[in-house]
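Q: Residue numbers (this note's numbering), protein chains in the order written: chain A, 1 to 454; chain B, 1001 to 1162.
Hints listed in this document are in silico derivations from the structure and should not be mistaken for laboratory results.
Among the hints, a few may not be true.
[To be verified] Which chain B residues stay away from chain A? Per the calculated CB distances, all over 12 Å, these: (1) Arg-1065; (2) Arg-1068; (3) Leu-1095; (4) Ala-1124; (5) Val-1136.
[As the list claims (entries may be wrong)] Chain B stretches covered by chain A per the calculated footprint, using a threshold of three residues with CB under 8 Å from any CB of chain A: (6) 1036-1045; (7) 1080-1086; (8) 1098-1111; (9) 1126-1132.
Just so you know, even glycine gets a beta-carbon here, dropped at the ideal spot from N, CA and C.
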Amino acid sequence: MTPTLDAIRDCLEGVVPSAVATSAADGTPNVAYLSQVEYVDREHVALSYQFFNKTRRNILDNPRAVVGVVHPSTATVYRLQVRYLRTDTEGPLFERMRAKLASIASYTGMSEVFRLRGADLYRVEAIEHVSGPRTPPTTRGPWLGALRAISDDLAAAAELGAVIDALLDGLGRELGIAHASVHLLDAPRGTLYTVGSRGYGSSGIGSELPLGAGAIGVAAAHRTPIRLTHVTAEYAYGRAIRDRLAGDPELARRLETEIPLPGLTAARSQLAVPIEAAGELVGVVFVESEQEWRFSYADEDVLVVLARQVGSALRTLDRAGDAGDERAQVARTATAAPPAPGVRRATVRHYAEDDSVFVDGEYLIKGVAGAILWKLVREHEQAGRDQFTNRELRLDRTLGLPEIADNLEARLVLLDRRLRERDVGLQLEKTGRGRFRLVVARPLELVDVPVPER
Amino acid sequence: MPSPLIDASQAAWLQGPVSILIATADAGGLPALGVGLGVRVSADLRRITVFALDTVNRQILDDVRAGRGIAVAFTHSGSTRAIQLKAPRAVIAALEPGDPARLDAHAASLAREWEGQGQTPGFAHAYLVRAPGTVVAIELVPEAAFEQSPGPSAGIALGGRP
Chain A
1 MTPTLDAIRD CLEGVVPSAV ATSAADGTPN VAYLSQVEYV DREHVALSYQ
51 FFNKTRRNIL DNPRAVVGVV HPSTATVYRL QVRYLRTDTE GPLFERMRAK
101 LASIASYTGM SEVFRLRGAD LYRVEAIEHV SGPRTPPTTR GPWLGALRAI
151 SDDLAAAAEL GAVIDALLDG LGRELGIAHA SVHLLDAPRG TLYTVGSRGY
201 GSSGIGSELP LGAGAIGVAA AHRTPIRLTH VTAEYAYGRA IRDRLAGDPE
251 LARRLETEIP LPGLTAARSQ LAVPIEAAGE LVGVVFVESE QEWRFSYADE
301 DVLVVLARQV GSALRTLDRA GDAGDERAQV ARTATAAPPA PGVRRATVRH
351 YAEDDSVFVD GEYLIKGVAG AILWKLVREH EQAGRDQFTN RELRLDRTLG
401 LPEIADNLEA RLVLLDRRLR ERDVGLQLEK TGRGRFRLVV ARPLELVDVP
451 VPER
Chain B
1001 MPSPLIDASQ AAWLQGPVSI LIATADAGGL PALGVGLGVR VSADLRRITV
1051 FALDTVNRQI LDDVRAGRGI AVAFTHSGST RAIQLKAPRA VIAALEPGDP
1101 ARLDAHAASL AREWEGQGQT PGFAHAYLVR APGTVVAIEL VPEAAFEQSP
1151 GPSAGIALGG RP
């Protein structure tokens, strides 16, 4: 039986280097090891093009090549008869391979030498089993079981925060993934903000990174999974973000930098998978490990499927939040209960320039979530209200929410989690679909700092 | 007669713990790729003989019999140093008395090398499979030799000839 490309994907991990034989126009053969053979789909692979070497010259003259791959645990050898189709110098495939190549290069100490010039796409015309035990078909049972268990939890989650928790908890419980985070897209600002994480000293909720920075940013910008088996400095966040900010002062002003991103200092494996819905990017789910080769193609498959379910759920629940609007008028008239007497006053300071909010001098949040909080506390103090609806926030143009796909629910989840973490005496409490209460435990003093004149 | 393309130290390196890849191409331009199971370098350093299993290298052997060119690449995985030898033709020969021991030594040295890099002990032996089939000798007199270590200097000719 001819093996399928899917059945031998593990041979393409690069644990054992693959080789390619080509032939010049005059029939002179050439053989060389390859840095990377990337699985593209069931019929295509891509080879890294780094130098204009003999292999490269040959395939431009004669598109036929044979790629030899070896299974990393059984040493089974397969030959792939392939035909060169084209070279990508940008786009998802190129970015995915560039990320992997950078990680390989850093691993082998050849960062300067290994620069991806292109992703050479080949059609796989035949696969031949050469020697060794045939790779057994992937054991799908355990993966599918884990996928289903997490999917069950996702399906049961009735609100956005619960979806994120179901995903992060499920990854840990079902797949043993101890370090994971979820980042959602702020499209107008071109950033991703952290809404949940597991396995880090501090959650990093509210932290941000620009599109294109690190594995998360590249996965988002190009909407392609980025799976690194030995992580490189190029995809470490501190450096990637610093580089971005150095070249973009406007971004530097907008980006949340007070809250550190969650992340392992000694990560060796990383996998970032875009969360998409209805053809649009919603965010990124990110997992990492201190172990090399921790995440396989199968892990990537599972995360891709889960990320899509999460994407659909987030989109649905974000809008479902408005369903309780009929009762909004009732909510508007309710008045806030005063805080218990004798409790120390909290000073809430708002800087209009970037909507950052500080409580008792401690930084809390900025951006849209900061603007929302400021509106809530102002209404609380000025009108004595503590009941609010998603809809009224959505209609308030001063908050800076985008017209469509505003992710309001996600921002409320972010704000709620940040408030809980900082424990400043303010909390959001859900009172129904699309409605919530601002719980104020201390008397407030509000200070608004207007945009300074320049 | 021109001088050999490789010197004694390079000959010793070829016979060390390096992996061996063989390539040919048929008249239609279809390349063939095979794994070498060991190498013998003649005393005068001119003749290189690589060993391969016949059952899994039928196109290579057909191409050689048809008088087509051959390329053999030797790669040391630890240093990624690689040398590629090319000849416009090769011949298929019988094994000599010392060759079986040479095959064993090659497998053993590669196994040691790869174990040092974290591979399991049996991996190299599984990779250098010798059965079912017959090991044959492919003899070539290289007319070109290239340094092939990754990087911009890959492809530089050895022995003063392109």
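Q: Now, for every hint given, state plainly whether the structure supports it.
A: For each hint, the structure was consulted:
no.	hint	verdict
1	Arg-1065	holds (15 Å)
2	Arg-1068	violated (6 Å)
3	Leu-1095	holds (19 Å)
4	Ala-1124	violated (8 Å)
5	Val-1136	holds (15 Å)
6	1036-1045	violated (count 0)
7	1080-1086	holds (count 4)
8	1098-1111	violated (count 0)
9	1126-1132	holds (count 3)
When held up to the earlier numbered hints, the structure conflicts with 2, 4, 6, 8 and fits the remainder.
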